[in-house]
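Can you make the complete structure from the sequences, with help from the hints?
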Amino acid sequence: MIQPKPTISVIIPTYNSGATLSIALASIKRQVFKDLEVLIIDGVSTDNTLEIAQKYKSHFQVLTVVSEPDKGIYDAMNKGISLAKGEWLFFMGSDDSLFSAHVLEKIFSLRAAQTHDVIYGNVQSTRFAHPYDGEFSYYKLATKNICHQSIFFRRSVFQKIGKFNLKYKIWADWDHNIRWFYSSRIKKYYTDATIAYYADGGLSSLNEDVLFIKRKNLKLLIHGFTKLPPAARRDICNLAIEESQKKKSVVLPGFLKVVRFILRIHKFISHKFISHKFKK
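Heads up: the sequence shown begins at 1 in the UniProt record's numbering, then just goes up one per residue.
These are calculated hints, taken from the structure and not from any lab test. It is possible that some hints are incorrect.
Simulated DEER-style distance windows between Cβ atoms [unchecked claim]:
| hint | residue 1 | residue 2 | range |
| --- | --- | --- | --- |
| 1 | LYS57 | SER82 | 17 to 23 angstroms |
| 2 | SER82 | ARG111 | 26 to 32 angstroms |
| 3 | SER67 | ALA26 | 18 to 24 angstroms |
| 4 | LEU166 | GLN114 | 28 to 34 angstroms |
| 5 | ARG30 | PRO230 | 44 to 50 angstroms |
| 6 | ALA101 | VAL66 | 23 to 29 angstroms |
| 7 | VAL66 | THR143 | 31 to 37 angstroms |
Think about it this way: if two alpha-carbon atoms lie no more than 35 angstroms apart in a straight line, the pair counts; the simulated DSBU-like pairs of lysine-lysine are [stated by the list, open to error]:
| hint | residue 1 | residue 2 |
| --- | --- | --- |
| 8 | LYS71 | LYS187 |
| 9 | LYS85 | LYS144 |
| 10 | LYS188 | LYS140 |
| 11 | LYS57 | LYS29 |
| 12 | LYS144 | LYS71 |
| 13 | LYS71 | LYS34 |
| 14 | LYS169 | LYS29 |
| 15 | LYS160 | LYS140 |
| 16 | LYS214 | LYS71 |
| 17 | LYS144 | LYS163 |
| 18 | LYS79 | LYS160 |
| 19 | LYS140 | LYS167 |
| 20 | LYS163 | LYS5 |
| 21 | LYS34 | LYS85 |
| 22 | LYS163 | LYS34 |
| 23 | LYS188 | LYS169 |
| 24 | LYS140 | LYS71 |
| 25 | LYS188 | LYS5 |
| 26 | LYS144 | LYS29 |
| 27 | LYS85 | LYS167 |
| 28 | LYS144 | LYS79 |
| 29 | LYS187 | LYS160 |
| 30 | LYS144 | LYS169 |
| 31 | LYS106 | LYS160 |
| 32 | LYS71 | LYS167 |
| 33 | LYS106 | LYS188 |
| 34 | LYS167 | LYS79 |
Note that CB positions come from ideal geometry on N, CA and C, so glycine has one too.
Below is the structure:
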């Protein structure tokens, strides 16, 4: 008999997470919304992580545990994407927890759950009381990242724009967010609700992803240049030019010529529009 597919797959990468995993799983267990599966993607833990995972198997319709060597958290998340059966995917850290028992119920009662590809909200730090970080704009995403603990992805998002790029050890989620947020193929919706508590002080806050930082402005040029305000376009373009002068491999000279041409065209069109408006 073919089992019906769950509405959502909750994916939790783990590695020696015995001290925190039970809190994450307990927050999923108490959800009023039960049409879900849990996938624990483990990197061959040497503590009691797998024992804790096994103890929770009876509390869920489906709890799948995979333990094998991986290339880090984003590799584990990509494995989860491949294994997930749900229509929607949600990623939690093993030291995160859902904000309340009604989080999933509220999300999947939204009309956007029928019409949109991505739904995102807020998260709250376990160290600070204020939520992070409201609705994002194109420009805001150029300077801040959306926490993955606040985002629900329809499965088709990964088919359209791809999985997490393993070249980026720390900020692969920011790279991924830039790709879907700026894409005209992805319909996104913000809800002013707190989705999860996240453990502040994780991987991204302790390390710098040098490769991503070097390439971020180029990515913004490629994926969202035309959607940024004119001043932001100039700022990002100038930064990209500065980076290319330091390392010629970062931005191709030909590409820079195209960018400069776009800036000139935009300035010309804006000037013509303003002149025409005042002539009326």
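We went through each hint and held it up to the structure:
1. LYS57 x SER82: 17 to 23 angstroms: holds, 21 angstroms
2. SER82 x ARG111: 26 to 32 angstroms: Since the Cβ atoms of SER82 and ARG111 sit about 30 angstroms apart, the hinted range of 26 to 32 angstroms holds.
3. SER67 x ALA26: 18 to 24 angstroms: The hinted range 18 to 24 angstroms holds for SER67 and ALA26, with Cβ atoms some 21 angstroms apart.
4. LEU166 x GLN114: 28 to 34 angstroms: Given a distance of about 33 angstroms, which is inside 28 to 34 angstroms, the answer is holds.
5. ARG30 x PRO230: 44 to 50 angstroms: Given a distance of about 48 angstroms, which is inside 44 to 50 angstroms, the answer is holds.
6. ALA101 x VAL66: 23 to 29 angstroms: holds, 27 angstroms
7. VAL66 x THR143: 31 to 37 angstroms: holds, 36 angstroms
8. LYS71 x LYS187: holds, 31 angstroms
9. LYS85 x LYS144: With Cα atoms ~31 angstroms apart, LYS85 and LYS144 stay inside 35 angstroms; holds.
10. LYS188 x LYS140: Holds. LYS188 to LYS140 sits at ~15 angstroms (cutoff 35 angstroms).
11. LYS57 x LYS29: holds, 10 angstroms
12. LYS144 x LYS71: With a Cα-Cα distance of about 25 angstroms, the restraint between LYS144 and LYS71 holds, given a limit of 35 angstroms.
13. LYS71 x LYS34: holds, 31 angstroms
14. LYS169 x LYS29: holds, 30 angstroms
15. LYS160 x LYS140: The hint holds at about 23 angstroms.
16. LYS214 x LYS71: Holds: LYS214 and LYS71 sit about 21 angstroms apart, inside 35 angstroms.
17. LYS144 x LYS163: Roughly 20 angstroms between the alpha carbons, so the hint for LYS144 and LYS163 holds.
18. LYS79 x LYS160: Roughly 17 angstroms between the alpha carbons, so the hint for LYS79 and LYS160 holds.
19. LYS140 x LYS167: holds, 24 angstroms
20. LYS163 x LYS5: Answer holds: LYS163 to LYS5 is near 21 angstroms, not above 35 angstroms.
21. LYS34 x LYS85: With Cα atoms ~15 angstroms apart, LYS34 and LYS85 stay inside 35 angstroms; holds.
22. LYS163 x LYS34: holds, 26 angstroms
23. LYS188 x LYS169: Since the Cα atoms of LYS188 and LYS169 sit roughly 26 angstroms apart, the hinted pair holds (cutoff 35 angstroms).
24. LYS140 x LYS71: With Cα atoms ~30 angstroms apart, LYS140 and LYS71 stay inside 35 angstroms; holds.
25. LYS188 x LYS5: Satisfied, since the Cα-Cα distance of roughly 23 angstroms is no more than 35 angstroms.
26. LYS144 x LYS29: holds, 31 angstroms
27. LYS85 x LYS167: holds, 26 angstroms
28. LYS144 x LYS79: Roughly 26 angstroms separates the two Cα atoms, so the pair holds.
29. LYS187 x LYS160: Status holds; Cα separation ~12 angstroms.
30. LYS144 x LYS169: Since the Cα atoms of LYS144 and LYS169 sit roughly 17 angstroms apart, the hinted pair holds (cutoff 35 angstroms).
31. LYS106 x LYS160: holds, 26 angstroms
32. LYS71 x LYS167: holds, 10 angstroms
33. LYS106 x LYS188: holds, 17 angstroms
34. LYS167 x LYS79: With a Cα-Cα distance of about 16 angstroms, the restraint between LYS167 and LYS79 holds, given a limit of 35 angstroms.
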